[in-house]
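Student: With chain L held as given, fit chain H onto it using these hints.
Residue numbers (the numbering used here), protein chains in the order written: chain L, 1 to 494; chain H, 1 to 494.
What the hints contain is simulated information worked out from the structure, not anything from laboratory work.
Possibly wrong hints are sitting among the right ones.
Which copy is meant is left open, because identical chains are indistinguishable; a pair holds if it fits in one copy or across any two.
What the hints assert, rightly or not - Derived pair list, reagent style PhoX-like, types lysine-lysine, alpha-carbon separation capped at 25 Å: (1) LYS428 with LYS275; (2) LYS160 with LYS431; (3) LYS14 with LYS160; (4) LYS428 with LYS442; (5) LYS98 with LYS182; (6) LYS98 with LYS428.
Protein chains: 2
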Amino acid sequence: MFESAEIGHEVSKKTYREQEPALRQALLEAQYRLLEQAHFPVVILVNGVDGAGKGETVNLLNEWMDPRHIRTEGFGPASPEETERPTLWRFWRALPPKGRIGILFGSWYTEPILSRVLGRAKRAAFQHELERIRHFERMLVAEGTLVIKLWFHLSHPAQKKRLESLEKDPHTRWRVTPEDWKRYRHYEEFVSVCEGALRETSTGEAPWHVVDGSEPRYRSLFVGRLILDALTRRLNGPPPAVSPPPPPPTPPIDGRDVLNTLDYSLRLPRVRYEKRLEREQARLNQLTRDPRMRNRSLAIVFEGMDAAGKGSTIRRITQALDARFYRVIPVAAPTDEERAQPYLWRFWRHLPRRGHAVIFDRSWYGRVLVERVEGFCSEADWMRGYPEINDFEEQLAEAGVIVAKFWLAITPEEQLRRFREREETPHKQFKITPDDWRNREKWPAYERAVSDMVARTSTDIARWEVIAAEDKLHGRIDVLERLNRLVGRALDAG
Amino acid sequence: MFESAEIGHEVSKKTYREQEPALRQALLEAQYRLLEQAHFPVVILVNGVDGAGKGETVNLLNEWMDPRHIRTEGFGPASPEETERPTLWRFWRALPPKGRIGILFGSWYTEPILSRVLGRAKRAAFQHELERIRHFERMLVAEGTLVIKLWFHLSHPAQKKRLESLEKDPHTRWRVTPEDWKRYRHYEEFVSVCEGALRETSTGEAPWHVVDGSEPRYRSLFVGRLILDALTRRLNGPPPAVSPPPPPPTPPIDGRDVLNTLDYSLRLPRVRYEKRLEREQARLNQLTRDPRMRNRSLAIVFEGMDAAGKGSTIRRITQALDARFYRVIPVAAPTDEERAQPYLWRFWRHLPRRGHAVIFDRSWYGRVLVERVEGFCSEADWMRGYPEINDFEEQLAEAGVIVAKFWLAITPEEQLRRFREREETPHKQFKITPDDWRNREKWPAYERAVSDMVARTSTDIARWEVIAAEDKLHGRIDVLERLNRLVGRALDAG
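Next comes chain L alone, as it looks inside the complex:
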């Protein structure tokens, strides 16, 4: 993989002087076309061997292009705020919006590779990380992002020479750290791990480009042209095809699904409700104050047809909680900052810190519900939504987030009754809009979408709890009981 980067490429001063101005000019123009179109973001990953010119290249790109529209992020060890979230959180935060270029100096590859080289991560864990990265990058590309992955290579002797020459010059001495020499001594293991990582993550949609880092002029022209080509191709054409998702699920032959087989006759009398409500709320309060909760966090998702009782159920939960413990995120139309990012970005930004809870009133499942039914995204988009969502929730779970998902189910008849009631009650009229009546006409399409959603995203990690909410009182208690059971078990499991 690295052989062709060790044969010793070189570019003469003369050639460089001849070619550099035009390249620079073309890059700047491409950058401005990108900015004006604002159709997609560009992510450039800068990784590789120490001393191979990563830092110089990052600076050069900022010099060649307009640095005002480039967001350069260097990643060192994670900050406390970052370690309290899934590992990809800080990279999501650093993603450039459409029209901009993000240069990630060090990236989502750095930590997994180092952990593996230093023996902190087992082979299986490493493979798992690489698979996660493949999914992440595939999602980025499918969302339109141009991903350019640069690997700066240097042979072992060349690295030694380079580090020594940097150390000799008083102006550059600061750039060589004891860490660099330590990694130099681990060169063989490092390169071997990297080679595997590159091979397994060099996908059709986001391939690696190995850069010979030994000679600055060659390296600079090579990288410049590579970026220019990729940018020009993408500006003039569609994004690379991501392998197509499977065809949409066929509906069950017998017409039975999780919704129409639910027992909607379950009722809970008011007196028993009050008692159980008090008990379950006390239990929930206790659980959230459990010392073991300090290392966990909680993401609760509510979905359901209009008027299914999401708001009132959420209030029964929040009544039991310390107001500092939780935040409710009502999910409506995205803001323009959110629209300039991949679909899941607006949910990543709200992820709870340790010891905290976030309650989503509607959620990332909009992708496979309203967006699917209303045709706001293509079939390919919502079909890839299922694995993307499963990935997302897996990352939450691995970071210690307890994920609870509730579908509040009611019948169309009950919905109609509630709509009418809302219309007739002065202080509830604001809750009913023409949209609600329109959505109601699409009930069968929604029902099918819900059924597919449960089939594809109810996982061991984050199971869907389908609640018969025809009777509000029964529904609320059922939610609280299941939530308590889930949280209790998660805390016991450690």
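Tutor: Quick look at chain H alone, frame taken from chain L:
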């Protein structure tokens, strides 16, 4: 100040049961009117004596109203991310957008008061903090925010009774900490400091409301009504008048100002430019790698007429820097998330961490330049902009941020020459827009705005450097030299 909160208010169970439902209903309706109008945000501060029912009230408000549209933030000790920024940074981050309610449990008062009670802050420092808070709240109100400040009071014996009864009940025992008892012992000092603080910050636009915390039913109805009244009044009418700013500055009688008295004939030959550029860039690079820089950060502001050379000057600076050290923020139209916040919010969000730099290509000075000249805001708005900006920069400076501000000055003739050049150069055409020609017609108005800006915001803390940029080469070197001098002195001064 607290006497009337100690006379023992009480509400019977019967009265509470009669009044609570209507109050609750009215609050919910007001909240929805707020949400639909989305004209202003509401900030509710919850402060006061331990055990006076602050937490219960926060929970109650979340229960009475729709918690999905309330953002509750509890403030404990500052996180590392927060301590690296000015103290108000974390409160800016917690401000609710227009249409929403933010409940701040603990607020910008907590830390200054505690520091004073524990003797960590001297009287003068405390007074300074209070003045800062007055300015901050006045700005919030002037920007349209409804600020409701609640102070929960309890007499010393009542506090003792309350803490003991909380400790007796196993369900509430967790809420009493050793800290609470420690503060109980300091009750007299605490209340005395608080009384002074309340007196000095009970302004016409953001008065304090003292709540008798001894009896829950009275307390709840009192707070509920108070919020309902404030909300209703504001929904039906204009914000309270903030004392009017002074009249706009009169132009100098002799017509001389900082711009027209500048020597535009300064020139630097290319050969000398190259040499000095290299020297100054090396010096800047050294300064940013100085170990003392790790505890400081750097905010560089560039303003100037169109085509004054901001972009190319910024590039000469960034060429000298490690790409991980800085970020360039080009300031254009605000996003919708920014529009839903006070004017300065969009700049606060970009403040650098320690050891980092942010370069603003245009800045918060837009308020007193383009917004003034184009009439995007009222005269009162841009007039209050001057002290608001000075406050902002003072906070930056106190947090260790080195603030450098450059006005790049050119003559109208030179601008015309550069516009024409841009039009004639293919790869520069994207840089010239009809807006540029329109702005040009308003040159005299801009010149007056610049002159006022320099007169009012060139302070000891953050001086304006007015640069003769008629000759680009001279301008760039002048900027670099002054920047180096400024940073060098700041590091020497510690």
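Student: A separate judgement is required for each hint: does it hold in the structure or not?
Tutor: Quick rundown of the hints versus the structure:
{"no.": "1", "hint": "LYS428 with LYS275", "result": "neither (27 Å within a copy, 74 Å between copies)"}
{"no.": "2", "hint": "LYS160 with LYS431", "result": "neither (69 Å within a copy, 45 Å between copies)"}
{"no.": "3", "hint": "LYS14 with LYS160", "result": "neither (28 Å within a copy, 84 Å between copies)"}
{"no.": "4", "hint": "LYS428 with LYS442", "result": "within (23 Å within a copy, 52 Å between copies)"}
{"no.": "5", "hint": "LYS98 with LYS182", "result": "neither (39 Å within a copy, 53 Å between copies)"}
{"no.": "6", "hint": "LYS98 with LYS428", "result": "between (40 Å within a copy, 22 Å between copies)"}
The structure does not agree with the numbered hints 1, 2, 3, 5 stated previously, though it agrees with the rest.
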